[in-house]
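Engineer: Please model the complete structure; the sequences and the hints are all you need to start from.
So you can see what is in the structure, the chains are spelled out below.
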Amino acid sequence: MTDEVDSANPTRRRFMAGAAGLAAAGVASTAQADPKNLPPNVAGWSKTLGDGVAVRPYGHPSKFEKDVIRRDVQWLTASRESSVSFTPLHELDGIITPNGLCFERHHSGIAEVDPNDYRLIIHGLVDKPLIFTLEDIKRLPRVNRIYFLECAANSGMEWRGAQLNGCQYTHGMIHTVQYTGVPLKLLLEQAGVKSNGKWLLVEGGDASGLDRSLPLSKALDDCLVAYRQNGEMLRPEQGYPVRLVVPGWQGNIWIKWLRRIEVGDKRWYTREETAKYTDLMENGKARKFTFVMDAKSVITSPSPQMPVKRKGFQVISGLAWSGRGKIKRVDVSLDGGRNWRTARIDGPVLDKCCVRFYAEAEWNGEPWLLQSRAMDDTGYVQPSKDDLRKIRGVNSIYHNNGIQTWALKSSGEVENVEVG
Amino acid sequence: MSKSVSLIIASLLLASPALAQEKKATPRNYGIGQVATPAQIAGWDIDVRPDGAGAPPGKGSVKDGEKIYLEKCAACHGEFGESAGRWPQLAQGKGTLASHDPVKTVGSYFPYLSSVFDYVRRAMPFGDAQSLSNDELYAVVAFVLNLNDIVDDKFVLSRETWSQVKMPNENGFYDDDREKAEKAFWNSKPCMKDCRPPVRITGHAAVIDVTPDDKTPRTGGVE
Chain S
1 MTDEVDSANP TRRRFMAGAA GLAAAGVAST AQADPKNLPP NVAGWSKTLG DGVAVRPYGH
61 PSKFEKDVIR RDVQWLTASR ESSVSFTPLH ELDGIITPNG LCFERHHSGI AEVDPNDYRL
121 IIHGLVDKPL IFTLEDIKRL PRVNRIYFLE CAANSGMEWR GAQLNGCQYT HGMIHTVQYT
181 GVPLKLLLEQ AGVKSNGKWL LVEGGDASGL DRSLPLSKAL DDCLVAYRQN GEMLRPEQGY
241 PVRLVVPGWQ GNIWIKWLRR IEVGDKRWYT REETAKYTDL MENGKARKFT FVMDAKSVIT
301 SPSPQMPVKR KGFQVISGLA WSGRGKIKRV DVSLDGGRNW RTARIDGPVL DKCCVRFYAE
361 AEWNGEPWLL QSRAMDDTGY VQPSKDDLRK IRGVNSIYHN NGIQTWALKS SGEVENVEVG
Chain V
1001 MSKSVSLIIA SLLLASPALA QEKKATPRNY GIGQVATPAQ IAGWDIDVRP DGAGAPPGKG
1061 SVKDGEKIYL EKCAACHGEF GESAGRWPQL AQGKGTLASH DPVKTVGSYF PYLSSVFDYV
1121 RRAMPFGDAQ SLSNDELYAV VAFVLNLNDI VDDKFVLSRE TWSQVKMPNE NGFYDDDREK
1181 AEKAFWNSKP CMKDCRPPVR ITGHAAVIDV TPDDKTPRTG GVE
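Respectively, the protein sequence lines represent chains S and V.
Numbered according to the numbering used here, the first sequence spans residues 1 to 420.
Numbered according to the numbering used here, the second sequence spans residues 1001 to 1223.
Quick caveat, the hints were computed from the structure, so don't treat them as lab data.
Quick caveat, the model's predicted, so the values are computed rather than measured.
Treat the hints with caution; some may be incorrect.
As the list claims (entries may be wrong) - To be clear about the criterion: a stretch of chain S counts as covered by chain V if any three or more of its residues have a C-beta under 8 Å from a C-beta of chain V, and this derived list gives those stretches:
#1 276-289
#2 336-345
Said to hold, decoys possible - Derived CB-CB ranges, DEER-like:
#3 S/Val42 x V/Gly1127: 51 to 61 Å
#4 V/Ser1188 x S/Asn364: 46 to 56 Å
#5 V/Glu1082 x S/Asp346: 26 to 36 Å
#6 V/Lys1067 x S/Gly94: 16 to 26 Å
#7 S/His60 x V/Lys1067: 30 to 40 Å
#8 S/Asp34 x V/Glu1082: 52 to 62 Å
#9 S/Arg160 x V/Asn1029: 47 to 57 Å
#10 S/Ile345 x V/Asp1175: 29 to 39 Å
In this text, a Cβ means the ideal position worked out from N, Cα and C, and glycines have one as well.
Structural biologist: Now the structure itself:
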């Protein structure tokens, strides 16, 4: 999103309970079970044959999970070809995002690249300009790395106050998958970067030809030219057959449908790193090349699309990540940030990757103001939204990593709120 | 073995890994990938830098650009660059960057001519990318500059006149300074107890609820 964001004039909509309406109807309400499937009765699926093997040659989620999908916000952008859809974070657990649920951000729609016609050119300040086929890239030594990818504009609609009711919309421009690919360093070594090479122009092969300047130091550090996500080939929405992986840095520079890398001696100042993806401060000046995504977290459940259905024991669950390193600790507050308790991180803790955290508590219908606060191994602590605004004002669109507050009401409904 | 000799040996042993690191290992050449020919590169090498490096031959006038703009651009960007609907506004917005409602346009925000030119060359017209001839490209960019009062009506844009274009907001940007300006966010001991006075809710998303209603039929993706 970010382009064409119409945050000043949101369409006013009637209060739509949606998923939250379940809770509004009553704390204990759950979907009705059919008694004929419950003990002592024996359900139909226990008596009859189901689909055989290969009836579903590429498996899909259960038909009962049909609401676990990417969603977009129509008023945000002028067209779906230059727009964003959001990962349903509230429906997921662990750290890996299923491939079909990874948020999308396209600038000119999804390029459908024939892998036989895929080419990557590396040229500019190199000893030997090279052109690679997909088969060439797959023949080279490869590595597997799990990283988060977050759009710089994630939470960008929330600078002026709580706006979207659901962590899918407030925080869903992030996904985490395992990439398989070739270190960019290795590819550059094949061409031989000249000593005056300092910056790379990385360019996509879609109809936006998205181009960005990438410092050579980052390219040689940990960038990948990736062709697989979670084991299978990249999805078209994620740049099939080849995308750039730039760990910890804003998603815009993770060029999809990567077609060209030019080595140069200075920055290009393309539209995507000047008119867009620069952070306008209150004094009218803008920060440029703010590549790193700072530490951030969000409680994914409970959240507005995931209301509380029963009183008693609750597992509070969320995600935390940092583009500067590993997540060291996550704290959770139930009273809007007055008092904090340290959450339990479960699962892998990796460099520039999401972690899953849990906090457990009893709830008896009292109002909660739920917050989470991430810390990384550089000592950075996720700031409050007000602390961020004190420095940046409210015009910067990008890099909103402020602490999110969810208000849990006695009905079990959860709402996106601002606190002061 | 004397004590001094063994010390020398020990120090040599310690030093050897460091020496090995200093000697830059020659990267392995896998013999994979073909040499890219100048013609192959030329077909794809369309980037342009602020100093004009990469700008193609050709030229275009504001006058010629107006015709192309009205035909191919105005439907989305408006006849005067004012924007039609929610498509990006290209003109006006001067003096708004420090206001509550900043309007970022070619004239008010873009720092370099190349930032516009490179983008139009690769991505515009939306849905018909890389369809403009070099002369058309120069002309339409010249017209957009003219809409922003950056060049006069008689201006002809080309490699030769490139450096005459001065963008008003060239000095409006500074490098990422978060590690200095936001140093306070590095805090090894964040407060855990009684960190602030009692908290009150100051704003609700529900009040200006814009959460998409998934059941609303779409009236069409493009506006």
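Engineer: All the hints need checking, so say for each whether the structure fits it.
Structural biologist: For each hint, the structure was consulted:
1. 276-289: Contact hint for the segment 276-289 of chain S vs chain V: holds, 10 residues under 8 Å.
2. 336-345: Result for this restraint: holds, n = 6.
3. S/Val42 x V/Gly1127: 51 to 61 Å: With a Cβ separation near 57 Å, S/Val42 and V/Gly1127 satisfy 51 to 61 Å, so the hint holds.
4. V/Ser1188 x S/Asn364: 46 to 56 Å: violated (35 Å)
5. V/Glu1082 x S/Asp346: 26 to 36 Å: violated (53 Å)
6. V/Lys1067 x S/Gly94: 16 to 26 Å: violated (57 Å)
7. S/His60 x V/Lys1067: 30 to 40 Å: violated (51 Å)
8. S/Asp34 x V/Glu1082: 52 to 62 Å: With a Cβ separation near 58 Å, S/Asp34 and V/Glu1082 satisfy 52 to 62 Å, so the hint holds.
9. S/Arg160 x V/Asn1029: 47 to 57 Å: holds (54 Å)
10. S/Ile345 x V/Asp1175: 29 to 39 Å: Between S/Ile345 and V/Asp1175, where Cβ atoms are some 34 Å apart, the hint holds.
Taken one by one, the earlier hints fail for this structure at numbers 4, 5, 6, 7, listed in ascending order.
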